[in-house]
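Trainee: For reference, the chains in residue letters:
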Amino acid sequence: MDDMEAMMVVAGEILTVLGYDVEYSTNGNEAIKAYKAAKDEGNPFDACVFDLTVPGGMGGEEAANILIDYDPNLVAIASSGYTSSDVMSDYKNSAFRAVLPKPYRIKEMSDILHELLNS
Amino acid sequence: MAQEPTPPLSEASLAALASIPIQETPSPGYVVHLDQLEKNCQLLQTIAECSGAKVLLALKGFACFSTFPIISKYLKGTTSSGLHEALLAQESFGGEVHVYSAAYKPEEIQKLSRFAHSLVFNSAQQLNNGLAALEGHRRPELGLRVNPEYSEVETDLYDPCAPSSRLGTTRAALDRALANLPADLISQLDGLHFHALCEQDADALEHTAEAFEAKFADLIPGLKWLNFGGGHHITRPGYDVERLIRVVKRFRERYDVEVYLEPSEAVALHTGILVVTVLDLIETGGHQIAILDSSATCHMPDVLEMPYRPSILGAGQPNAYAHTYRLGGMSCLAGDVIGDYSFPQPLEIGQRLTFLDMAHYTMVKNTTFNGVPLPAISLYSETTGLETVRRFGYEDYRMRLS
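Protein chains in written order, with this note's numbering: chain A, 1 to 119; chain B, 1 to 402.
Don't read these hints as lab results, they were simulated from the structure. There may be inaccurate statements among the hints.
To be verified - Within a straight-line C-alpha distance of at most 27 Å, the following computed DSSO-like cross-link-like pairs (lysine-lysine) qualify:
| # | chain 1 | residue 1 | chain 2 | residue 2 |
| --- | --- | --- | --- | --- |
| 1 | A | LYS107 | B | LYS76 |
| 2 | B | LYS249 | A | LYS107 |
| 3 | B | LYS54 | B | LYS215 |
| 4 | A | LYS36 | A | LYS92 |
| 5 | B | LYS60 | B | LYS73 |
| 6 | B | LYS60 | B | LYS105 |
| 7 | B | LYS365 | B | LYS111 |
| 8 | B | LYS105 | B | LYS365 |
| 9 | B | LYS215 | A | LYS107 |
| 10 | B | LYS54 | B | LYS249 |
| 11 | B | LYS73 | A | LYS107 |
| 12 | B | LYS224 | B | LYS249 |
| 13 | B | LYS54 | A | LYS107 |
| 14 | A | LYS33 | A | LYS92 |
| 15 | B | LYS224 | B | LYS76 |
Construct the entire structure; sequences and hints are all you get.
Mentor: Now the structure itself:
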């Protein structure tokens, strides 16, 4: 999930190269809807990457907080261009399992997903 | 015919620019929103990561060097249009310094040779002269700008491939020139450069790259790099980043070369505003006129050159709101008119207005015609607030004259 569409698409390109199927959303509400729909259809997301800041819309932190109540097994990764944000510096006290600073790096994204999905 | 302002801002970008405290800035004054700038740079670096392209900031469109510490975190370096831009790049940006000029003087080449990563020449003759000038000096990588004779740019002023364009060498001109130049000249090249885009999407790049390939593919084997120039509107909402990545990857893989992209506008797109003040309100010829402490010709020359109508925060097309005004500059140029705009409330003398998307191709092109004061330059971010980094005065006008 990223409010900047181009960033979202490029992140999707990286995930595709890494072998993942990708769905996109541009704000928290869309992400929650997509997550619940996928789970209801029996094809749940393995992991979600949430952009923390969405001006004028629901950001990743709020969306992850809602989804962790819905699904305690949520694998949420916080993403932001601002490494100084509270979540990015202390994600362990949040709904997130990891953080992924922007700009996205292929190796970093690969390592984090591999670690989370294989642990 | 005036085109629509380049391209509509996303809601998020509009909200960010609207959050700048315009009453606290000098007027006239440019304000660059650093958070917006950083977002653009992060996208560009992610595209570089995904495609393998090397992305450079073209100083021709944005050279606000107080922002370079942010941009240089993400981009590989800069591209300049001559010695002075290159010196600024070397002094303030770091990274790779690439230079293209329609023509170099020998002494410029010798100065550039000390620090430039590459020099791109506009013709085979210039390349030959450049090699002579470089004898006994450090040799940067050398490139040749070619003209693919294909362009989708609609404005002649900004079309590098318009008929009889002086920018870049056509294949026919190259072959003619090589007949009279040293036989090994082409083997001296490290790269080829083309630049035939202006504010365009990746489909235009793909078509242009195909035209380039059709004419120059035989020269590519053995080269280190291809430079796809600037004009890629990568950060505009809706830009086809997947296609851009595909095109870059295709060339990198087919020819085993590095690919450079040199965006300028895309780095600073939707990252800045110009704050102005209404100085007078007059009525003439049935029009309500507002005179501003700014000027199209001095502070936003592309409004007249392109031409285009810049957006104003909270204003609409003529008659969209109840109060329509023609906004004019404070210079004596009769045509110093920015355009017609409507507002929900009548304008008042002393009121401030915010022109949107005024970071790129403004401060690099502005003038002191009529002695109109140059706009101050400020930086803004949500975390550090507003900081005015440059104010201009009488001395700045005087120092350009003698």
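Trainee: I'd like to know which numbered hints this structure contradicts. Please list them from smallest to largest.
Mentor: Hint 9 alone not satisfied by this model.
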